[in-house]
Amino acid sequence: MDHDREVLTYEAFGHAARDLAEQVVDDGFEPDLVLCIARGGLFLGGALGYALDVKNLFVMNVEFYTGVDQRLDLPVVLPPTLDVVDLTGARVLVADDVADTGKTLELVRNFCAGHVADVRTAVVYEKPGSLVRCDYVWRRTDRWIDFPWSAEPPVRRRPGPSGS
1 MDHDREVLTY EAFGHAARDL AEQVVDDGFE PDLVLCIARG GLFLGGALGY
51 ALDVKNLFVM NVEFYTGVDQ RLDLPVVLPP TLDVVDLTGA RVLVADDVAD
101 TGKTLELVRN FCAGHVADVR TAVVYEKPGS LVRCDYVWRR TDRWIDFPWS
151 AEPPVRRRPG PSGS
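Heads up: the sequence shown begins at 1 in this note's numbering, then just goes up one per residue.
Please keep in mind that the hints were generated in silico from the structure rather than gathered at the bench.
The structure displayed is predicted, hence computed values, not measured ones.
Please note that a few of the clues may not be correct.
Per label pair, the in silico range of CB-to-CB distance [unchecked claim]: (1) 89 with 153: 38 to 48 Å; (2) 150 with 129: 33 to 43 Å; (3) 58 with 151: 37 to 47 Å; (4) 150 with 114: 25 to 35 Å.
The C-beta atom is built at its ideal place from N, Cα and C for all residues, glycine as well.
With these hints in hand, go ahead and build the complete structure from the sequences.
See below:
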């Protein structure tokens, strides 16, 4: 095992998702919907939806990381964008795989602010430098994380915007 990296297996992810759902229940929070931050948050959002018996799952596409330790200056919301009318008055649980800088979660939380009754965050991992202190965290680490869904390169690489 690489000591510079945190390695998450699918089996450990299952335990993490269940533990996070138990944290939410123990806290007395009853979300009306789970807002998944794509792409990494889709896995956690789906698992939390099942564990918390929440059928309303929404997706917000946010790009920040472009590679290992490579990211944009600021996270960018990608289309299609979520309509805040779908969130108005709801208790929202935001799900993501990691709170690294926290900028993505901050962007999504700010997007929800003023529209929702309550917004809370759940992540598998939280790093010490995160701007956002998440409400529900499975593990804290300062290492790079190998997630099972992104540990292998894509089977097919899609050409970039310039066709390269």
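Outcome of the hint check:
1. 89 with 153: 38 to 48 Å: holds (43 Å)
2. 150 with 129: 33 to 43 Å: violated (20 Å)
3. 58 with 151: 37 to 47 Å: With a Cβ separation near 27 Å, residue 58 and residue 151 fall outside 37 to 47 Å, so the hint is violated.
4. 150 with 114: 25 to 35 Å: Roughly 33 Å apart at Cβ, these two residues keep to the hinted range, so it holds.
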